[in-house]
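Could you fit the two chains together into a complex? Lean on the hints.
So the sequence lines, in the order shown, correspond to chains X and Z.
Using the numbering used here, the first residue of the first sequence is number 1, and each one after it goes up by one.
Using the numbering used here, the first residue of the second sequence is number 1, and each one after it goes up by one.
Careful, some of the hints might be misleading.
[What the hints assert, rightly or not] Here are a few chain X residues that face chain Z, going by a calculated C-beta distance under 8 Å: (1) Arg12; (2) Glu27; (3) Leu28; (4) Asp30; (5) Tyr31; (6) Glu33; (7) Trp34; (8) Ile36; (9) Gly59; (10) Glu61; (11) Val63; (12) Glu66; (13) Asp69; (14) Ala70; (15) Arg71; (16) Trp75.
[To be verified] In silico negatives: residues of chain Z with every beta carbon more than 12 Å from chain X: (17) Val40; (18) Leu87; (19) Gln90; (20) Ser98; (21) Leu106.
Honestly, the hints are just simulated from the structure, not real lab data.
On a predicted model such as this, the values are computed, not experimentally measured, just so you know.
The beta carbon of each residue, even a glycine, is placed where N, CA and C say it ideally should be.
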Amino acid sequence: MRSFRKWRLRLRSLLDRSQVESDLDDELRDYVEWEIDKAMAAGGSPGEARRAAISALRGMERVKEECRDARGIRWFEDTLGDLRFALRMLRRAPGFAAIAILTLALGAGVNALMFTVIDSVLLRPLPYPDSAQLVSIDSVRAGSDRGSISLPNFLDIRRQSRLFSKMAAYEENSASLRLPSGEPLHSSGAAASPNLFEVLRVRPMLGSPFPAEEDHAGEACSVVLSADFWREHLSSDPRAIGQSLTVDGKSCSISGVMPDGFAFPARDSEFWIPLQPAPDAANRGASFLEIIGRLKPGVTLAAAQTELKVIASRLEKAYPDDDNGLGFGARFYQDRVTGDVRPALLALLGAVAILLLIASANIANLQLARALGRKREMAIRAALGAGRTRVARQLFTESILLALIGTGAGLILAVGSLGLLKRIAADAIPRVQEIALRPEVCLALLVIAGVSALLFGLAPAWQAARRDIEAALRESVGAVAGGHNQQKLRDVLVVAQLSLTIMLLAGSGMLLRTLYGLLHADAGFAAQQVLTMQTAVSGTEPQDQNLATTVYAPELDQIEQLPGVKVAGFVTFLPLSNGSASASFLIQGRSNRSPGSQPRALLNAASDHFFSALRVPLLKGRFFSRADTLGRPRVAIVNDVLARRCFAGENPVGKQIAFDAGDFKTDPITIVGVVHSTRQTGLAEPPDAQLYLDFRQVPPATLWSQFLLKQIMTYAVRVSSGDPVTVSKSVQQVIHRVDPGQTVFHIATMQEVVSASVEGRRLGAILLSVFAGLALVVAVAGLYGVLSYMVSQRKRDIAVRMALGASRDDVVRMILSRALLLYAIGLTGGVVGVIWCGHLLSSMLAGLQPWDPLALGITTFGLLLVCFVAAWFPARRAASLDPYATLRAE
Amino acid sequence: MKPNDLVQGTLGLLILRILALEPMHGWALSQRLKQMSKDVLQVGPGSLYPALHKLEQEGWITAEWLISDTKRRVKFYSLSKEGRKQLEAQTADWKRLSGAISAIVLPVRS
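Isolated chain Z (complex conformation) (with noise of 0.2 Å):
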């Protein structure tokens, strides 16, 4: 299995998940990403920039064009309201999928 189908499914929640922390670009966030997971996810552009763009299409996640240091014009996303709350659904619903999925998968050691 590759790595990237796993995540496919659940970008967009890695992406909140990350993006609650702070604002970030879209290539600061593919970085990010891949320093959290320990080099486990890698995301391309080719993921990454749909994904963003559904969850801004959403209203999950707002963009605002600012000037970085290097004086270049770089869109920032950051989390909305409404992608806090749904942040929090996804989570719960996460933890009560892994939590079967585990159950299942891994050996149960007596």
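One chain only, chain X, in its complex shape (with noise of 0.2 Å):
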């Protein structure tokens, strides 16, 4: 209550100044006038009236000046009129003012852009109630990487475990679906057991989700679909519940749409479908689903994690021959969606934390360099009684005046740049479109901005703190000021700017050479020149159709015909395009070894042509011919890393190799060629074996034409000259002309497709590049200032040295020299720095050492060349000085 009293009191005394002021003035007339009164009764003349009245004016304002003290509020009248001169002499030195608020705006800038995206991606809770509660479980093999769960293990967990509340499986997929308008289209989305919903804890915004699993029998089909999906190709329609839409060949109903910003699994999941039991769900060895489970409330992770091994050790038992070695790992659902991108994204954090220790060091120098501009005013200010702390704390007050400005502008600047970060990071973040700026992150740049004038502002004030006032009056304005302490505070600074701006060219110079090795290295291919489309059948044709002869060839045919294609192939997983399936083999004339330990490579189904279309060389043996066709003996061609492992020393060509697996059993099928390995998941990744069946021979209504032809297939054009998608049209009329009812997408050159397999490691090694872009122009200017201040600073000495005989070459060495040490120490000390955070981007660094010779030689080399550019132009005004005409202006 009290405190209260006080506080509104001193808020009145703020707010009401003038108010408080001519009560003030009152009060004090009123005392003398009892004053002019007393001494009038007292029988004294109006002239010892005037007297007493005077005396009693006397120092009033001084009174005055008491009394606002004693109201407590001298501290922010103070800070106003310090923050009112600061702005005065801010806009007295607008080139120093602009250039660190511009420093301070970037690098407040980059650090809010890398904020927001940190908080939304990687700290922001799912949008899913309660979603730290979510958690994904994994299959772990020993030494492979986390994989998938068969339906039967994914049943048995479900029924096993007492620590989750929920539990679904979900398996992604894509699907040519049929509109109500009966218009064609191809979407992705997922199949999932029908609970999905209740274990997200998200319900349709409109209908509702699928039934239960338990009245969910036969061919009944119900969709879920986007509100995206629903908006763009239902037009918002609410009567669209209910319709039926169908999804590869089948028709269902939809049930429900999802409300905005529904994305699961992915980002372009638009629809949903109850998961149909596959026809060999009921292997234990087939693995295609994801789990997410929901804990229960108060389990933790690790006792989840403790539940699955004992699961996964009873499994162990009970199916030796499925489950050996088989372990379930749990991770929150938020790690798997984001966990990929984290270090990298902390890595970037730390890049600009580092931009940002470099834009205050600069900020610290130039302030340094103005004060010793601002020292007789300074000192004059001191002479004037104001205190050492007093002037200190102007000085600060100037500081945070500039930060605040400065992150101001940076906050705008990231505003502005979150837009076009989050075009072009579309594919490489995940949660990409929950990325928006949050109150905290200004908060954080609130934090930062006080940071950073600790930083900047503590050298000068402290420096005006300690100054010596006479000394400072009694210099000439040209000696030699700043003295030795304060060179080497600026030297310091200038050093460190130096060692961390290499760290951050150091650390994109490795990944640009990263990604530079990568899109360079042997992806087994030639892009050049080639398109690629992906298309997907309706799924309504007759189960026994042979596609590959009445829809895939006859394409094919006609699109080689086309002018300007050279010639067409036809693939079922392209390269580094996001799929593949692999199965185990036998190898005929050996012993049969058990399931768990056969060869196994990656299966495509080709065409004869695929291989030239996408210039596979081929090593031995010959490419599939027109003469292999269904009904002549199968054939088949594996790449160099099969021949290798399986082959080892013998010629491949002429081996028979064979499927037994249950629905997949084949007869024997010869291997005719070997060809030059391509990379098919990821050009960091190393080829895999890998095996090409004959298109054509891919019996039709079994399991094979299932796999490898009732896909996403993908044609590959190559075209005689010029840009590929020229023919990008007619290829298109080609295939709607053959099969109406086939969809087209994801049209891209082949370069494209290497290209955005590479998205991630593009978009960090762009992301650091401009940020080390901008360390090294901040750094540089921070150098050329210091050497420029130096020169102006020593102009005499250096006129003395000429006088006396030095050389305009001595001089311009002089400055030189001084550059290169600075840079030398800079360059140890960031060696030093690199080594030691190096670590922080190996995850991004394919296969390359953190400590990179190459890219660190070249990144000191090409500073050693900037820097020596900076110090040229003071070096060339120093050695340019008329020394006579310096010394007689002393």
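This is how it looks when you write it as structure tokens:
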């Protein structure tokens, strides 16, 4: 209560200042009038009364001042005054203010940007209620990555687990859809167990989720759509609920529309269908499901992991054939979504923090230089009675003002570039649609403003506080100012800037080199002049239709006759696009090994011209030919990795292999050729064993054709010259003419496919390079500033040397050697820093050591050149001094 | 020693003491102080008003503008509830302190 009144009074003193001031005047005037009254009453003459009044009035201004002090608002009023003064000072030094604010805006802006991204992507919970309870379960086998889980294993985990309240399985999916209007289109989504929406605790905004599992019998199929899909393709019609949509040839009724922002499991998921038991669903070895579970309240991840371990060992005992060596790993679903980009984002955060440090060092340097120029101003103020702390406080207020304006500008910069970042990062950062600037980020920026003000404001303020007034006043303007300590402090700042810059430059150099290395690595094919497009048949074809002969082969023939097309090929899984299937096989004539240890290879169905379209080199034997048709002896082509792995020292051509797993059983297949390996999953992954089957020989109405032909297939069309995109239209026309139900999507040149496969790395490299470039500019400006200042301060010194016989070259050498010294010390620090933090980048460097001599070498040499240029101008200026004019001017 | 030096530290206490009798304005307060101390303590406006404002800021006295008999706007100070408590506490302190000082400073008659 009491403190409330106190603050109310204080607030009144602040807000209603004119009233308070006039009250004070009234009160004191009243006192004087009483004095006069008293003098008159005592019988004094008016003259005496006047004297009494004057004596009472004496010092009234001081009394007022002390009354204001007593009201306890002095600190605030001083600050206001300081701020006003600081603004005036900044206006009087517009060059300094502009550079400082710009530097800081850059530093703070990129920090705001990275904060926003990290806050939105890594820190903010996923948009599901109690999302911290959501856990993703993967299978982990010794020596291999996290993998999917089979349906029987999923059902067992769900039955046996006591710590999860609910658990759902899903499979990312893409399908050919046919709208109620009849329009065909291709879309991605997921097939999920019906309780998926209960696990996520998100309800459709329209309609209802899938019918519960037990009600879900037979062929009835329902589909849930995304809000975007509903808006775009169903024109937001609420009557769409209950209408039917064809999904992969099957008619499904639309049961619900999810709310905006629901993006599970991927950003572009547009439909969800109930998980249909696949033909081999009962196969415990067929792992194709992802699992998401919701922990019961209070259950920790560690407890869930322990439980899963117990379940895994039970399953391993019960099903030794399939579940041998099986383990389950649980991680928070959020980590699954964002885990891949976390190291990269944190590394970038480190980079922007460094950039802010460099910017702060630069402003500190500018401030120090300016403080020297203002030395006399400060001294005069001190001489007029301003305390040292008072002067220091004034300077610090200026720094804070600068910091606030700079960070404010930075914030504006960040807001402006956020949209750009979201566009270029759309494919590289998960949850990109959720990225938005939040108040927490602004708060963090405010803290940053404070910290940077501390960083660059403390040194000048401290120096002002301990300055010797008398000496400063005595000094002549041109005398050697600054002194030894000052110069040393500024040198230290420049060295720090150079070191930090080297760290950033070396980091971005390494990323760029990795990127370059990947893009120029031998991917196994020639990407130039190739257009690729993915297609999917409608799914309504009769089961026993031979798609190869009725659809694909005629299309390929007609495409090859188009003008400009050199050769057209066809494959199930295009290299570097995200798809692959693998299977284990037997080698004829060798003893049968247990199912777990049979050789495995990535499977593909390919046309005869696929290899020439992508220019995959043939190493031995032959390509497929037109004669390899259904009914003829089956043939296969393997890659060199498979040849090495399975036929070391032998010629694989002529050898026979076979598949024997359940429905996939085949007759022996003869290997007719060996080709160079292509990178299937990513440029950074080492090539795996690959096995190509001739697409004409895939038997229709079998699982084989399900898996290799009724998929999304890819056409690769090589043109004879020019831009391959030019044939895009005519190729699509051919496809549409042959099979009107077929959809075409993801049209891209092969070069675009390659470049998209390194999108995340590219983004990281670009961002880091931009940050490093900014750092370089700022740091070099700092070096230039220090050297220029050194020259202008040491004019006399230089003139004396020249008068004593030093040549202009000597002077240039003196300045350059100074720059070189700073550079060398900075380099040492930077290299130490690179070694120290290099491992932060290791996840982004494919195979490259964090300590990369080439990247570091180029960086150091490049920076040396830039430093040299930065030093050259001050050096020239020093050398062109007229020693006699300079000395006379002193 | 100037009398005022002694007063400085205890001026607040004296003001509270006087205002405990009746509300009054600044000038009257200075006259009353002079009169009560038999002219020993004289407080000029330079000490009086900052002290008053400080006490007001602390919330121990409250101020109110009234129109005097002579039709002038006069700022009257009065003791608040807080101030009364403060007066008691400070008076107790003063007794203890002055007793202690007297015991040392004044020669003991035996």
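Worksheet item: Broken hints, numbered, in rising order?
Response: 1, 8, 10, 16
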